[in-house]
Every structure is written in structure tokens, then in C-alpha cells.
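Peer 1: Letter by letter, the chains look like this.
There are 2 protein chains.
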Amino acid sequence: MKRTERVGAIVRILSQNPNQTFSLKYFCDLFHAAKSTVSEDISIAKKLLSKMELGAIETTAGAKGGVKFVPTVSKKREDELLDYLCEKLSDGSRIMRGGFLYTSDLMFNPKIVNGVAEIFAAKFIDRGADYVVTIETKGIPIAFMTAHMLNLPLVVVRRESKVSEGSTVSINYFSGSSERIQKMSLAKRAVEAGKKAIVIDDFMRAGGSIKGLWEILEEFDVEVVGTGVVIASVEPKKKKINDYYPLLLLGNVDEDAKIIQIFR
Amino acid sequence: MKRTERVGAIVRILSQNPNQTFSLKYFCDLFHAAKSTVSEDISIAKKLLSKMELGAIETTAGAKGGVKFVPTVSKKREDELLDYLCEKLSDGSRIMRGGFLYTSDLMFNPKIVNGVAEIFAAKFIDRGADYVVTIETKGIPIAFMTAHMLNLPLVVVRRESKVSEGSTVSINYFSGSSERIQKMSLAKRAVEAGKKAIVIDDFMRAGGSIKGLWEILEEFDVEVVGTGVVIASVEPKKKKINDYYPLLLLGNVDEDAKIIQIFR
Numbered sequence: 387m388k389r390t391e392r393v394g395a396i397v398r399i400l401s402q403n404p405n406q407t408f409s410l411k412y413f414c415d416l417f418h419a420a421k422s423t424v425s426e427d428i429s430i431a432k433k434l435l436s437k438m439e440l441g442a443i444e445t446t447a448g449a450k451g452g453v454k455f456v457p458t459v460s461k462k463r464e465d466e467l468l469d470y471l472c473e474k475l476s477d478g479s480r481i482m483r484g485g486f487l488y489t490s491d492l493m494f495n496p497k498i499v500n501g502v503a504e505i506f507a508a509k510f511i512d513r514g515a516d517y518v519v520t521i522e523t524k525g526i527p528i529a530f531m532t533a534h535m536l537n538l539p540l541v542v543v544r545r546e547s548k549v550s551e552g553s554t555v556s557i558n559y560f561s562g563s564s565e566r567i568q569k570m571s572l573a574k575r576a577v578e579a580g581k582k583a584i585v586i587d588d589f590m591r592a593g594g595s596i597k598g599l600w601e602i603l604e605e606f607d608v609e610v611v612g613t614g615v616v617i618a619s620v621e622p623k624k625k626k627i628n629d630y631y632p633l634l635l636l637g638n639v640d641e642d643a644k645i646i647q648i649f650r
Numbered sequence: 387m388k389r390t391e392r393v394g395a396i397v398r399i400l401s402q403n404p405n406q407t408f409s410l411k412y413f414c415d416l417f418h419a420a421k422s423t424v425s426e427d428i429s430i431a432k433k434l435l436s437k438m439e440l441g442a443i444e445t446t447a448g449a450k451g452g453v454k455f456v457p458t459v460s461k462k463r464e465d466e467l468l469d470y471l472c473e474k475l476s477d478g479s480r481i482m483r484g485g486f487l488y489t490s491d492l493m494f495n496p497k498i499v500n501g502v503a504e505i506f507a508a509k510f511i512d513r514g515a516d517y518v519v520t521i522e523t524k525g526i527p528i529a530f531m532t533a534h535m536l537n538l539p540l541v542v543v544r545r546e547s548k549v550s551e552g553s554t555v556s557i558n559y560f561s562g563s564s565e566r567i568q569k570m571s572l573a574k575r576a577v578e579a580g581k582k583a584i585v586i587d588d589f590m591r592a593g594g595s596i597k598g599l600w601e602i603l604e605e606f607d608v609e610v611v612g613t614g615v616v617i618a619s620v621e622p623k624k625k626k627i628n629d630y631y632p633l634l635l636l637g638n639v640d641e642d643a644k645i646i647q648i649f650r
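Chains as they are written, first to last, in the numbering used here: chain A, 387 to 650; chain B, 387 to 650.
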């Protein structure tokens, strides 16, 4: 194989498997090439991705060392994505009865999900997490893509315990959106004690369900090392949790005038 | 930029945006290079991905033409993935009370989700679909990744209508797993009449919920052009639907002996 082909293959394999370390030997065997040759290939791949702002390649030395792709988001791409989301979200026809916003089309749109997940992954990559955790339903695609980019398993907390989940641990929490006590449950075999988790959700008002996720994880002795939400409501000012990373803020929603305040 | 760098960048950009057509001009502008140069770059990228079985690049001529990445799965990778899944699924500790199988760890595992979604995407890419549709919850990651690889929006049918979904259409269906009538609902603005959909789900017993998905889509005048399920139960032999594509078959589950029959 020629250098051009090897570099192309390295870019494809690494970027398809983000945050997963491949040994130099893996590529030497794949290409039937010497270590020095592959090292130089990787160095070229690294420079080109960095120059084009298409992601980062990190190399680590030593016996356990190797090379991996790390998701990055340039300031320009982040700005473009969040500006686009703000524009889409400020469309007055999204206002449903009761002042709720319709966002499913955005939260289930692969381009938006990928971009948002890249931002969360870049933000939380150094937290040493073992899981990405969300509560069903609308945040699942974004939480899943974040998990994919961090090379971690996704854990989905359910609203009802299902027969196929086996024994579960359940807690009650107060949901501001529905103004009532709700239940969430997690299968006993879903997580291991002593591990760390990043919590991701699509929307947060007072923070009741995120606080519920923190509490249910505490029941399992799993530490929360980061919390990201796509949209956080400005009101109520007093939240049930204090440490979270919102991408967008939702201000006033005027149901009659069909005006939505959304900003970064 | 050198050829090696251009080819690497083309591989990254195309494979990050599967089934999305980029014009030749897009890359000419990006690299400040002539059309003949970029054409040759693309031809090299295409050959290397094909040779390494890392995906396919398709080029189309004409004013609307361009170049796109198409997900493919080699027989070898498909075999490896499905064999691995069979092995994991036949672990007797997965049997929950009532004979249900615990599969969340697999359905939420990014490596497995990616592989399964690639198989579905390759299978259904030529159906001319406009949406990938699933019902919450466990099939969402696989349906989402399939949607991503086909460059289509994901549509999630809910079990309960939520306030943030606005007006919805609901139907009742008989769920064999829970042995009762259940409800599913879809927001009126989620899909457009006259469009086509691929239905994806994680598990199918008699096919009640898949049939429900077909029926609710019919209410919206959306045609189902393909149905994929990860695991289909052998029993009952008589299914409520006839045209579906299962990856694995679940035979007898012996709760006492802890033996699971799973095969391809």
C-alpha cells in the first residue's frame, strides 16, 4: 500500500472508533509496514486533521501506548451549530398548548445530534467517566452519540420498570414539567458500584429529573462527574442542582404572541 | 495541500456524513485545487476504502452529481458481529423472571449499535425512505444510528402522548409481551403524508408493536418500505406481520436450566 492509502485508512479506522486506543502494531500488521513508516503515516494524519479542524489524533508512548482519535469541535463549528439551533428553536410554531416547545425534530436529527454530542464529548472527555447516563426518551440519541464519541456504554434510566429489566432500583422525584411526583428506575445489573458517570439530557427546567438521576446513581454508588443539558430554562432561577453545563438558555415563551426567547 | 492530506480529509468528511452528496466543487474550494486533481483524489479514496472493506464511495455525474460515502459491511464483519452477539445473548444469566432476556447492555453498546446499524443501513439504503421510525425505548440507539447512516431523520413513536408533542394521533395495539392492549402515539407534525419509512426495532415476538407502527404510519399516509428487527422470537410461528428482516432468531428460553437458544 502507498502512503496516501495508509493515511486514508488510518483516518477512517481511528475516526470510526473515537477515544479507542489502537496499538502501532495493529496498523503495522494491517499494512505489512514497519513501525517507522506507520509512525510517519500517523503523524501526517494527525497534522491534516488538526489543520482542517476535523478532529485530533493523540499518541501515547510506552507498552500500553498507541494512537486514538479524539473528537474536537472548532469554535467556528460550535458557533454555527448553536446559532442554527437558536434560529430553529425560535420558530413560534413550536409552541404547544401549555407553553411547551416541540423539539423532537431537532433532538432526533442526526446532524444536530452529532454536533451536540461532539460538544459534550469534548467538554467531558477528561472526567474519567465509565458511563453516559440519561433518562428516556428525548435525550437518548444525544446521550448515545456522546457515549459513542467517548467510547463508553450508554445507560438509560426508565420511567417504568419493565419485565425485561429484571430487579430494579426505583426512586420518586418531583417533575416540574408535569407538576407531580414521578418514578424512575434502573436495572440492578445496569451499572457497577464505584464507577463514574456523565449525565446528559435534552431539557432542564428546575432540574428535578436531573437531580433524580444523580440520586438514583448515588443509590448505586456511582459518582456523577459531569452533567450536560442541551436546553436549560432560565426560570425558575433557583435550580435543584447547581453543577450543570447547558448549551442554550430558554427565556420567556409567549404563547399568544408566539415569541420564544432562546439564547446562548 | 498534498495529495495524502487531501485524500485523508476526503475520507474523514465523507465518512462523517454518510449518504450525503458533496459536489466536486465543495472539495475544489476547500483545497483550492482543480477539478481534475480532486477527481483523482476521490478515485484514490474510493479504491482504498473498497480494498480495505471500510465503506464505499459513490460518484454520480451531471449537474446534481457529486460524491458520497455509502455504509457497507463486509461478510466477515457481519459474521463476526452476529456471532459475537449470539455468544453474548446465550449467557444464561440474562434470563429474567418470566423468561425475558436482559439485552439493554447490548442494545446501548456503541460498538454493537454501530455494527447493527451498518447492516440495516446497507440492507435498506435503496428503498427511497424519508424517515427511520421506531417505538421507544430500547431500539432508539440502533434506529438512530441507522438514520444517521442513511442521512434521514429519526421519528420516535411514544407510548404515551406527552404535553411537549402537541396534537397526536394514537392507536391501540395488542402487545404479546405484556399480554394486554397498549397505546402508541405520534405527534401530528412528526411526519408528512406521502412519505416513506423504514421501521427498526430491537425485538419482535408476535409482531404486535411492529404491526402497530405500520398502522399508525398508515394513519399518516406514510408507506413502510422496510422493517428490520435485531432479534425475532421463533415462537409464535404465526406473526402478525409477514415482511420483516431479523438479524437473529430466539428459540427456546429455559428459565430453570438457564439455557437460551439463539441463532442466525
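One or more of the hints may lead you astray.
Identical chains blur together in the list; that is why a pair holds if it fits in one copy or across any two.
Stated by the list, open to error - Straight line, CA to CA, 27 angstroms or less: simulated DSSO-like cross-link-like pairs of lysine-lysine:
{"id": "1", "residue 1": "K411", "residue 2": "K454"}
{"id": "2", "residue 1": "K450", "residue 2": "K581"}
{"id": "3", "residue 1": "K597", "residue 2": "K454"}
{"id": "4", "residue 1": "K581", "residue 2": "K497"}
{"id": "5", "residue 1": "K437", "residue 2": "K569"}
For the record, the hints were derived by calculation from the structure and aren't laboratory data.
Peer 1: For every hint, state whether the structure bears it out.
Peer 2: Hint check:
For a Cα distance limit of 27 angstroms, the shortest separation of K411 from K454 inside one copy, 13 angstroms, qualifies, whereas the shortest one across copies, 31 angstroms, does not. Taking the closest pair of Cα atoms, K450 and K581 come within 27 angstroms of each other only inside a single copy of the chain (22 angstroms); across copies the shortest separation is 51 angstroms, beyond that limit. Taking identical chains as interchangeable, the C-alpha atoms of K597 and K454 are never at most 27 angstroms apart, the minima being 34 angstroms within one chain and 43 angstroms between chains. When the C-alpha separation of K581 and K497 is checked against a cutoff of 27 angstroms, the pair qualifies only between copies, where the shortest distance is 20 angstroms, while the shortest distance within a copy is 31 angstroms.
In this assembly of identical chains, the alpha carbons of K437 and K569 never lie at most 27 angstroms apart, being 48 angstroms within a copy and 52 angstroms across copies at closest.
Violation of the numbered hints given earlier is confined to hints 3 and 5; the remaining hints are satisfied by the structure.
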